[in-house]
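Student: Given next are the chains, with one letter for each unit.
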Amino acid sequence: MDIYLPIASMSINIFLLIGLGGIVGFLSGLFGVGGGFLLTPLLIFSGIPPTVAAASDSNQIVAAASSGAYAHSRMGNVDLKMGIIILLGGIVGGSIGVQIIKVLRVMGNVDFVIKLIYVIMLGTIGGFMFIESLNALKRSKAQGGEEAHPHEPKESVVRKLAAKLPLQMHFEKSRMTTSAIFPFVLGTAVGILAAIMGVGGGFIMVPSMIYILGMPTIVAIGTDLFQIVLTCINVTIQQAIRNHTVDLVLVILLFIGSTIGAQIGARVSRHLRGEQLRILLAVIVLIVMVKMLVDLLVTPDNLISLARGGGGH
Amino acid sequence: MERKLRIADCGLRNLKENSFHASWSFLGARRVITRRPFKLPALTGLILMVLLVTSQFGQAGTLRFEPAGLERTLFSNRFQTLTISGSAPEGAQVVVKIVSPPKAFNLNKSGKGLGFIWLPISHAEIKKLPGMYALLSSGKLSGMLSPEQQKTNGLSPDYQEIYQKAEIHFKSPPKEEEAASLKKEYIAGLIKILEQGGLYQVQEEAVQLSGVQFTARIKHPADAPLGEYQVFCYAVKEGKTDLLAQDKFQVKQIGLAEWLTHQAGSNAVIYGILAALIAVAAGLLVGMVFKKGGGH
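Residue numbers (the numbering used here), protein chains in the order written: chain A, 15 to 327; chain B, 3 to 298.
Hints in this document: simulated from the structure, not taken from any laboratory. Please note that a few of the clues may not be correct.
Some, not all, of what chain A presents toward chain B, calculated at C-beta under 10 Å [to be verified]: (1) Ser-193; (2) Val-243; (3) Leu-317.
Here the structure is a predicted model, which is why all the values come from computation and not from measurement. Even for Gly, the Cβ is constructed at its ideal location relative to N, Cα and C.
Please take these sequences and the hints and turn them into a complete structure.
Tutor: Below is the structure:
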């Protein structure tokens, strides 16, 4: 059964879209991460034009993240002060990223650069997670099956440097004092990457908040969801105004799938241990990375390709 | 009836365009009209003859579309079928050509960089090409027309017409001696892409002939451009080609699909805010229903 996507101007199997949303939602529920970094490439692999995939994905993320942000804010896991500073950085970074995309689009290299950044980012994060989870599994076996707790992050050089910067602020929810410049710059850097890659950036932001800023994990997740909702609302409206690429029909179908998938994923996750979940996620991330790397290395069937605009948020 | 009149009108227009020097070898006796000073009896005779001829031509060239146009709703399939039928002179082969509104294509050409990675090495924009192009014939085109005749009449199975029409703009102009071959390479690559999506198609022996009636079925992809499509029907006999009829059909969105496209284009700010609000409301509703948050 096909459905016509009026903005993408194409028909596609309705169950394929709900299924893709379901897979990403399942992973979301299973691992507690978003799925923007997986959903955009999966939509592109399915034939959705990259600009529509990226813009509609950001709208779908608004729906998916707002339920999480609502729940976390009720539990007191959102550091509003930190979230607003990161958000401001994200807006600046997003604007820089959109300009970079514009320049690349004019040069005709946007697809290549997006793929390359995906390969580097997914390879780095996937590889890091894989090694970390493998070590955790080994430690767990050595401890006789007890779940191994990840090491507390050590105070990084960056954090020591941030302590010497001006605009020092205390962040009560995050139980830390640091310069406002630090989360702002981090927000900007992630904003640039997120804009180029057309994703929400949660998979970069949460590890950065934990390992670089030193925030408690649960507060990092809650704060990240809060800033993602606002960032993606901004991106959705910008994309709708500038590029007319938000396809509401696509968004609704993806959201139906991801809602169902997230509930199933959350139930399955109760039967798996933390390091098993992380290693599984690492493998999925690495598979997507390998698919993109193969596209860059294998001789294409057709040396001529349509130059499509990419990126988004 | 209205369509018949339009085709008859098309026949009359063809006559005028031929400066009163027309011949129809398929319509029995060869008729030749030469330019003369107009006088009332001659003019009356001419009008009567034109009416007689165009009524015959109208019968031979009437086109029927089933459905009359293509409408895209939210539940349209990947391909919609359009049937084009009409009548052709006895013993003639029929070729049907369908051309969509023109479109511009931005293209990259890949080459190896650093010795191992495939990256874009040149860019071009191709203009004035139809977003969809289909050629359907009742027999093998090679058996009906010589390559030169195919080219002259724009009926080549290897898209010679497309190569002729295309306007290419290179972002970095190539060397003069390379330009022609590079243009050919870009167009060939684009045609390959469009063929894979069913947007460009050549279907030989796809037009069914039954006596003087012909029927052609075209599979129209959902990602083909919207707008007015031109249909040209040719009769081919003994190496001679006659334009039997030229008509058009519309491809448009209707209902919710049309409304959404209109809102996204004309009321983009409201559409964007609405999209964001719907997403937030849906997310909060789901959050309240399941009483737990998702992650991101």
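Student: Checked against the structure, which of the hints given earlier come out wrong?
Tutor: 1
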